[in-house]
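Protein chains: 2
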Amino acid sequence: MDDNNGCILALAGGVGGAKLVAGLAGALENQPDAPSLKVVVNTGDDFEHLGLHIAPDLDSVTYALADLNDIERGWGMRGETWQFMQALERLGGETWFSLGDQDLATHVERTRLLNGGETLSQATAHLTRALDIGVDVAPMSDTPVRTIVHTDVGALAFQHYFVREQCRPAVSHFEFVGAEAASPSPLLDETLSRTDLRAVIICPSNPFISIDPMLAMPGVKARLASARAPILAVSPIIGADAVKGPAAKMLSELGYEVSAAGIYAHYDGLLDGFVVDRVDERLVTQMAPAPLRAVKTLMKSAADRTRLAQTVLDWCDELRC
Amino acid sequence: MDDNNGCILALAGGVGGAKLVAGLAGALENQPDAPSLKVVVNTGDDFEHLGLHIAPDLDSVTYALADLNDIERGWGMRGETWQFMQALERLGGETWFSLGDQDLATHVERTRLLNGGETLSQATAHLTRALDIGVDVAPMSDTPVRTIVHTDVGALAFQHYFVREQCRPAVSHFEFVGAEAASPSPLLDETLSRTDLRAVIICPSNPFISIDPMLAMPGVKARLASARAPILAVSPIIGADAVKGPAAKMLSELGYEVSAAGIYAHYDGLLDGFVVDRVDERLVTQMAPAPLRAVKTLMKSAADRTRLAQTVLDWCDELRC
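Chains as they are written, first to last, in the numbering used here: chain X, 1 to 321; chain L, 1 to 321.
No wet-lab data here; the hints were simulated from the structure.
Backbone N, C-alpha and C fix where the C-beta goes; we use that ideal spot for every residue, glycine too.
It is possible that some hints are incorrect.
To spell it out: a stretch of chain L is covered by chain X in this simulated footprint if at least three of its residues, at any positions, have a beta carbon under 8 Å from a beta carbon of chain X; those stretches are [what the hints assert, rightly or not]:
{"#": "1", "region": "48–55"}
{"#": "2", "region": "87–96"}
{"#": "3", "region": "103–109"}
{"#": "4", "region": "127–141"}
Partner residues aside, some chain X positions facing chain L, computed with beta carbon under 8 Å [unchecked claim]:
{"#": "5", "residue": "T81"}
{"#": "6", "residue": "Q83"}
{"#": "7", "residue": "L88"}
{"#": "8", "residue": "Q102"}
{"#": "9", "residue": "N115"}
{"#": "10", "residue": "G117"}
{"#": "11", "residue": "A125"}
{"#": "12", "residue": "L127"}
{"#": "13", "residue": "L131"}
{"#": "14", "residue": "D152"}
{"#": "15", "residue": "L156"}
{"#": "16", "residue": "A157"}
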C-alpha cells in the first residue's frame, strides 16, 4: 500500500476488531491506488503478568494480520500448545491467565524490547515487521492506560474481571486509569492530523472496553469529531447478543438497549455511518434518520472478513463524495 | 531425612553432579537414621537472557531430584517441547540458547520471585518445595558470581563460550566475576559451620567451571580444608574423556594430564578421597599414597546413580571412623 493515496484509520480492540482489520488489509491489498491502513489498538486491557507485558488486543490484531490466529478457538495462535502452563502449574505459579507456548514468545520478546528502552509503539513495529505485516499497527498510546471495571463486587483490574472472574460481576462503570495523562501514540497522533485521512473505521469491538479507552485520552474524541473524514463503526452486537465477549451483558447492566441501537446510542453522535447485521435490518427504518446499513457482519471465514471490509470501504467512499 | 542425624554437603554443578545428587538422595532415603542432604549448586553459569534469570545448574539438580530430567538428551526436562523457540525465531528473537516450553516456566517463575524481592536461595526453596523435593537445595551464593572464560578469541561470558561457541575456543584461564565480594548462601554457610557435618561430597562436575566458582568465594576453600568432615570427590573424567562437556579439553588446554589424575591434581590436596572409574584402576597404584578408589562411575540408570552414591557414602563412613 502506498502512503501517497491517503490513509484509513482503523480503531480496534480484541478478536472482532482483529478480524475486520485483517479483512481491511486483505481488501486494500487487492485494490489499485489503495490508501494505506493505519491500525490503532486498545491497550486498556494490557497488564503485567509473571513479569511480562501482556497486550492481548495488540496480539489479537497482530496474529490476525499475520494469519497466525486460531479461528476455531477464537483467540490466540493456531496450533498453540500449553506445556508452559502445565509446568507453571506444577511449580505452583499463577495459572488463571492462559499463556500458550508460542504466544509466550511474543510476551517475552516484547518485554525484552520494552525493558531495553523501546516504546510500546517501537516494540509493536519491531514485532509486526518480523511477521511481515505490511500495514502499520500501533498501540493507542505509549503510556499505560489501565481499564478498571467497577462492579458489584468492587473495582477489578480488567483481566481480573475479564479472565479470572469471567465477566460475572455486574458492571456499574469503567475507569481508564492514566488516560487523562496519556498522549496518543505517534501513529494515532499523526494519522489524526493527516489532511489525506480518508476514513476512520471503528471495528466491531466492545465500545466500553476496547474503544472508550482511546476516546478517553485528551483530545482524541474532539479530533475525531472534527476530522473531515467520515467515521464508520461496525456493530459488535447481532440481535441481542455479542458475537463474542461481554458487550451485551454490559449494555444491559449499564442501562442501554441490548442491541446494535444501544451501541449506536453509546457512540453519542460520533458516527457518520453504522453497519449493523442484516438480522437487525428493522433498525435501519426504526432509527432513521440515523445513518444505518444492514449487511452480513458475522465473520466466519477470510472471505466474510474481506466482504465486510469492502462494504465498509465502499460506504466510506460514498460518504466522502 | 532427619536433621538430627547430621548432614552431608554435596557440591554440584551441571548434569553429572545432578545425577550423583539424585543418587545420594535416593540412597539416603532408604537408610535408617540417615543424615540429611544439603545440596549446594554452582551459579557461575547463571545469566540473564531475554529478561529471565537462567540458572542451568540449579535446574539440572532440581529436575534430577524431581525425576523430571531427560535422561536420553542428557539435559533439560523429559517430554520437553520447543514451540516457544520456534515462535521466538519467527519474531527474530535470540535463539542461540534453547529454552524448552516446560523449562521456561521455571525461568519465568524464578524471575518473578527474584523481582518480587526473594533471594535466589528463597526462590530455589520455593521451586524445590513446589516439586516436592525432600532435600535442601541452594545456590552457592545469593549474590551474582559470573564465570568469564578467557580464550584465544578473547574473554567470553560463560554461556557464550559454552552454548553459543560450543566450547570451541581454547581456554587460557577462568575468572569468577563477583566471587571476591560474594558470600556463601545461608545453606552453604550454615552447613560449613555445622559440627555434625559428616562429609563433603564433590560431585562429578567439571572442577574448573562448576566447583571452582564456589571455592573462589572468600573463606570457602579454607573452611572446607579445616572441616573435620572428610571431603570426597568423584572424577568427571573416565579414561581420557569427560562423560559430558569440555572437562577433558580444558584439562589439556590448561596443561594438566588429561585423566582423573589431572582432576585430582587440580583439587590440590583438598581431597580425603577420590573416586575414579574402574577403567582408571591403574591410577590407584600409580598415584599411591593418594587416596583413590576405582569403581564404576558412569551413571546411566537410577540404579547406577544409587550404587555410586552408596559407594561414596560408605567410604565417607569409613573415613570418619
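Each hint, compared with the structure:
{"no.": "1", "hint": "48–55", "verdict": "holds (count 3)"}
{"no.": "2", "hint": "87–96", "verdict": "holds (count 6)"}
{"no.": "3", "hint": "103–109", "verdict": "holds (count 6)"}
{"no.": "4", "hint": "127–141", "verdict": "holds (count 3)"}
{"no.": "5", "hint": "T81", "verdict": "holds (5 Å)"}
{"no.": "6", "hint": "Q83", "verdict": "holds (4 Å)"}
{"no.": "7", "hint": "L88", "verdict": "holds (4 Å)"}
{"no.": "8", "hint": "Q102", "verdict": "holds (4 Å)"}
{"no.": "9", "hint": "N115", "verdict": "holds (6 Å)"}
{"no.": "10", "hint": "G117", "verdict": "violated (13 Å)"}
{"no.": "11", "hint": "A125", "verdict": "violated (12 Å)"}
{"no.": "12", "hint": "L127", "verdict": "holds (6 Å)"}
{"no.": "13", "hint": "L131", "verdict": "holds (7 Å)"}
{"no.": "14", "hint": "D152", "verdict": "violated (31 Å)"}
{"no.": "15", "hint": "L156", "verdict": "violated (21 Å)"}
{"no.": "16", "hint": "A157", "verdict": "violated (17 Å)"}
Checked against the numbered hints above, the structure breaks hints 10, 11, 14, 15, 16 and satisfies the rest.
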